[in-house]
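Visitor: Each chain is listed here by its residues.
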Amino acid sequence: MPSIDISDVTKRYGTDTALEGLDLTVERGEIYGFLGPNGAGKSTTINLVLDFIRPTSGEVRVFDLDAQANALAIRKRTGILPEGVEPYDRLTGRQHVSFAIESKGADDDPDDLIERVGLSADAADKKAGGYSKGMTQRLMLATALVGEPDLLILDEPSTGLDPNGARRMREIIREENDRGATVFFSSHVLGQVEAVCDRIGILRDGHLIAEDTIDGLRDTMPDQTRLRVTLDRVPDDSTAALEAVESIDGVSSVTPEGRTLVVACADRAKTTVLHTIEDYDVTVEDFTTDESSLEDLFVAYTSDATPAEVAR
Amino acid sequence: MSAIIVAKKDFRDAVRSRVLLALTGLFALFSVGGAFLASRLSALFEEGGAESTLDLILALQTPASFLVPIIALFVGYGAIAGERESGSLAFLLGLPHRRRDVVLGKVLGRTGVVAVSILVGFTVGLLGLVAFVGSVSLVDYVAFTLITVLFGFVYVCLGVGLSAMTRSTTRAAVGAVGLVVVFWFAWSVLAQALLFAIEGELLPETIPGWFIAMNAVPPDAAYGSAIAAVLGAGQFTASSAYETQGLIDGGVPIVAKPWFGFVLLALWALVPLAIGLWRFDRVDL
Chain A
1 MPSIDISDVT
11 KRYGTDTALE
21 GLDLTVERGE
31 IYGFLGPNGA
41 GKSTTINLVL
51 DFIRPTSGEV
61 RVFDLDAQAN
71 ALAIRKRTGI
81 LPEGVEPYDR
91 LTGRQHVSFA
101 IESKGADDDP
111 DDLIERVGLS
121 ADAADKKAGG
131 YSKGMTQRLM
141 LATALVGEPD
151 LLILDEPSTG
161 LDPNGARRMR
171 EIIREENDRG
181 ATVFFSSHVL
191 GQVEAVCDRI
201 GILRDGHLIA
211 EDTIDGLRDT
221 MPDQTRLRVT
231 LDRVPDDSTA
241 ALEAVESIDG
251 VSSVTPEGRT
261 LVVACADRAK
271 TTVLHTIEDY
281 DVTVEDFTTD
291 ESSLEDLFVA
301 YTSDATPAEV
311 AR
Chain B
1 MSAIIVAKKD
11 FRDAVRSRVL
21 LALTGLFALF
31 SVGGAFLASR
41 LSALFEEGGA
51 ESTLDLILAL
61 QTPASFLVPI
71 IALFVGYGAI
81 AGERESGSLA
91 FLLGLPHRRR
101 DVVLGKVLGR
111 TGVVAVSILV
121 GFTVGLLGLV
131 AFVGSVSLVD
141 YVAFTLITVL
151 FGFVYVCLGV
161 GLSAMTRSTT
171 RAAVGAVGLV
181 VVFWFAWSVL
191 AQALLFAIEG
201 ELLPETIPGW
211 FIAMNAVPPD
221 AAYGSAIAAV
231 LGAGQFTASS
241 AYETQGLIDG
251 GVPIVAKPWF
261 GFVLLALWAL
271 VPLAIGLWRF
281 DRVDL
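Protein chains in written order, with full-length UniProt numbering: chain A, 1 to 312; chain B, 1 to 285.
In short, the hints are calculated from the structure, not lab data. Every value quoted in this text rests on a predicted model; they were computed, and no experiment measured them. Note that beta-carbon positions come from the ideal geometry of N, C-alpha and C, so glycine has one too. Among the clues, some could well be false.
[Said to hold, decoys possible] Partial chain A-side listing against chain B, Cβ under 8 Å, derived: (1) Phe52; (2) Pro55; (3) Lys76; (4) Gly84; (5) Pro87; (6) Tyr88; (7) Arg90; (8) Leu91; (9) Ala100; (10) Asp107.
[To be verified] Dumping the calculated DSSO-like pairs for lysine-lysine here, alpha-carbon to alpha-carbon at most 27 Å: (11) B:Lys8 to A:Lys127; (12) A:Lys76 to B:Lys8; (13) A:Lys126 to B:Lys257.
Please put together the full structure from these sequences, using the hints given.
Guide: See below:
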């Protein structure tokens, strides 16, 4: 039984489409990283799962329950760290955690949770209105952990955290997962997801454009290379030159940076690229290649290149 | 149960507001002022002595009917919209609370806050009455306090109802000010204008029942009616001035009867609350 099952969900705001026919499944017990640039629809998806908003069409199920009809039953078993959440200015950190414990009917010790997320006891006694973004994230994580939830939903959890805080966050995600919790978390930074996730899905413009394990995603572009070609000058007919390079079989993207051309392409296309450029009466002064990192893959997926071009 | 948990937290949060402290202080000041005025007036008329209901009402109803709506609307208008704006609603609703539990919890918590404000104001007012007037009927005082808390609850429902209908505190605040303008000025002006349009003169010899009824409808008038019903002091209803002179065409309409004040207060509390609940339950946050 999947923990989250989103099928054919469309969400429109007036004439704006935030999500279009989204299908997404998070299996029980996995850590699922939900990636995409800001504005891709990640928070919309999470808000649908939490029943903060309702789909225009399609179905959202959590623990095999309808997200809207059974919102209460779902939230009893779910820990949530919403994006951009603000604490109550006039309540202390500890009061927030105690309130979450009372709300969930759990029997956690607030001090244990506060210590676990790395919030000092002193800070927990202060009013949350004076908290930094990082302290707020820690506090909200503490409230999300209340009652050993079966599902943790974390929207951009590393926002405002220093490297120590981000590491602590990853450790907690792993610990919770080891305990048996399913973790679904979103980020616009690949590095945070790469380190902990079993599977990642990449969202762009309201579409899930890739979904696989990290290794699986690497395999989709096994021979991808990034070629940096430095020329003696910009070709006279630079537009035609760019188009010629772009049209080479195996080239997925071409970005001019002054006299340098950055070409993402398959290994086999390298020599063709160099020859093609030289056809435009310029001399290649230097060129370097490097293996594509997952970061490049992510950028390729989420920038202007279409998925079809990336996969080529 | 969930609504109670929300109410407790909300009370703890909202009662710490500095503006509320200032409004409560102002309320206490007006209550003492009312007590002083009451002692002067009762000395002037020499009627009923220090324990007369008149003293109590002069001392406390006047400041209450102006300041309780302001305090309650101030406490209520941001209850939901403010949390939507700031983002703390995501924390609240991320926990297992239904949206209606949140709205009801807010109403309970903020009514508690307003009740504290009223109790502080009236306690100071009571001390003033004892000092200036001599003594006061405690039964009347308690009854009066309870009805005033009910009155505060009505305006909290109006405020929270408004707050649940919009995602902007600015709009909720405009709505709250609008309510005050409607209930304090526009309503009676409209009634007067209608009277002129229908009867052809500003002060007809006999007042039609509908005019009396219409003036009895706003929550502030209903508060007066409810006090009259409990304290048996009929001179404080909206219709009393006309009634005693036998000027009402066809007797006092049911809407203007003192006991009907409770019905009106209930309607003013529950209708806006129901609309707010209905709207908030369906909206995208």
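Visitor: All the hints need checking, so say for each whether the structure fits it.
Guide: So, going through the hints one by one against the coordinates:
{"no.": "1", "hint": "Phe52", "verdict": "holds, 4 Å"}
{"no.": "2", "hint": "Pro55", "verdict": "violated, 10 Å"}
{"no.": "3", "hint": "Lys76", "verdict": "holds, 5 Å"}
{"no.": "4", "hint": "Gly84", "verdict": "holds, 5 Å"}
{"no.": "5", "hint": "Pro87", "verdict": "holds, 6 Å"}
{"no.": "6", "hint": "Tyr88", "verdict": "holds, 5 Å"}
{"no.": "7", "hint": "Arg90", "verdict": "holds, 4 Å"}
{"no.": "8", "hint": "Leu91", "verdict": "holds, 5 Å"}
{"no.": "9", "hint": "Ala100", "verdict": "holds, 6 Å"}
{"no.": "10", "hint": "Asp107", "verdict": "violated, 15 Å"}
{"no.": "11", "hint": "B:Lys8 to A:Lys127", "verdict": "holds, 17 Å"}
{"no.": "12", "hint": "A:Lys76 to B:Lys8", "verdict": "holds, 20 Å"}
{"no.": "13", "hint": "A:Lys126 to B:Lys257", "verdict": "violated, 53 Å"}
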